[in-house]
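Starting from the structure of chain H, add chain A where the hints point.
Chains as they are written, first to last, in the UniProt record's numbering: chain H, 1 to 193; chain A, 1 to 193.
Note that these hints are calculated values from the structure, not bench results. Careful, some of the hints might be misleading.
Same chains, same label: a pair holds when it works inside one copy or across any pair of copies.
Stated by the list, open to error - Calculated lysine to aspartate or glutamate pairs in the EDC-like style (CA-CA distance at most 20 Å, straight line):
{"no.": "1", "residue 1": "K57", "residue 2": "E110"}
{"no.": "2", "residue 1": "K57", "residue 2": "D139"}
{"no.": "3", "residue 1": "K12", "residue 2": "D94"}
{"no.": "4", "residue 1": "K127", "residue 2": "E110"}
{"no.": "5", "residue 1": "K12", "residue 2": "E161"}
A quick note: this is a predicted structure, and the numbers were derived from the prediction, not measured.
There are 2 protein chains.
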Amino acid sequence: MDPHILPVELEKAYRLLNHGPTVLVSATHGGVADVMAAAWSCALDFMPPKITVVLDKATSTRALVERSGYFVIQVPNMAQIELTHAVGSMSLADVPDKLARCGVELFRVEGHETPLVAGCSGWLICKVVPEPHNQQTYDLFIGEVVSAWADCRVFRNGHWEFESAGPEWRSLHYIAGGTFYAIGDKVVVGKVS
Amino acid sequence: MDPHILPVELEKAYRLLNHGPTVLVSATHGGVADVMAAAWSCALDFMPPKITVVLDKATSTRALVERSGYFVIQVPNMAQIELTHAVGSMSLADVPDKLARCGVELFRVEGHETPLVAGCSGWLICKVVPEPHNQQTYDLFIGEVVSAWADCRVFRNGHWEFESAGPEWRSLHYIAGGTFYAIGDKVVVGKVS
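So here's chain H without its partners, still in its complex pose (with noise of 0.2 Å):
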């Protein structure tokens, strides 16, 4: 493994998520791993952490997600711009060799079957709280954290550092129609930073 992919320790794995980014879902079952990118993703509770992502039924990635009661929620950066809209707009129903194109690489973490995607900025590898009227109604997902990960040049000691970072590392917040905003200036308040 990429010797920059670190453990984040589970109180502080909710940080990944708070400042809204978009994300890649990546899941796997039977032989058959898949990858989408979803801008409805949230932190839900700190410890143990959890997680809600919206997965609309007729993607892929569910039903591996419904299969495998597993799923890495992921945080991709401005170097993975053009993945995460690859990701986003087209289906492994409909494009068998869809990781192949979209330039998706996946790695595994001991002890965990489901698929990482190489290159993002943090991993939450996540277990699916079953909630079979959150599921069908508001196609409403929640994952418990059950290991966390992130690059050391971007996130490390539990907190992000975009400022020190390249502007490739920033995070991704897409809007819609293929516009997406990069995270911008830490501001503490009191001070301006």
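Showing chain A alone in chain H's frame:
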């Protein structure tokens, strides 16, 4: 009402939240109004637009939401960073004049009792979709957006216009310990603008 505040088509209301800003939640019941900050709010559906927000049982705002069945999610901006941090750090239960001390000014739009916070960039007036299990187990509330508004100096024709508005209009993205990020540069896939 401030003439800059214009209605947002419900079809495009999700765009006010899609980039993951920290929000303010306001509610009223029985002559009492409160406002809190929430980093954990997210779009849930396009049409009719629905959103989620996590409201801790310890907050006074939650009690007003439960009693009235309504709340407003509003998107604050850099000019309101102190206000946002203050309403998120103080409880109406301890500080009866919380809103005055935090510099919160409220206004109403016709047909809706729930007050809006003046000076924000966008407002989503929401009716609670009752889901007692989610509310009790996860502090997770679902709201259907019944009316949406934005300040045309930063959001118009269904689009954020951060790049032409001043830096005081940038949305806030909270991490922890008083640290926020402002939203940054717009990037359209395939071109940098």
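Status of the hints after comparison with the structure:
In the homo-oligomer, the alpha carbons of K57 and E110 never lie at most 20 Å apart, since the shortest distance is 30 Å inside one protomer and 37 Å across protomers. Taking CA atoms no more than 20 Å apart as the test, K57 paired with D139 passes inside one copy only; the shortest distance there is 7 Å, against 25 Å between copies. In this homomeric assembly, K12 and D94 never come within 20 Å of each other (Cα to Cα): the closest approach is 38 Å inside a single copy and 28 Å across copies. For the homomeric pair K127 and E110, the shortest alpha-carbon distance inside one copy (15 Å) is at most 20 Å, but the shortest distance between copies (45 Å) is not.
In this homomeric assembly, K12 and E161 come within 20 Å of each other (Cα to Cα) only inside a single copy, at 14 Å, whereas the closest approach across copies is 33 Å.
The structure fails to meet hints 1, 3 from the earlier list, while all remaining hints are met.
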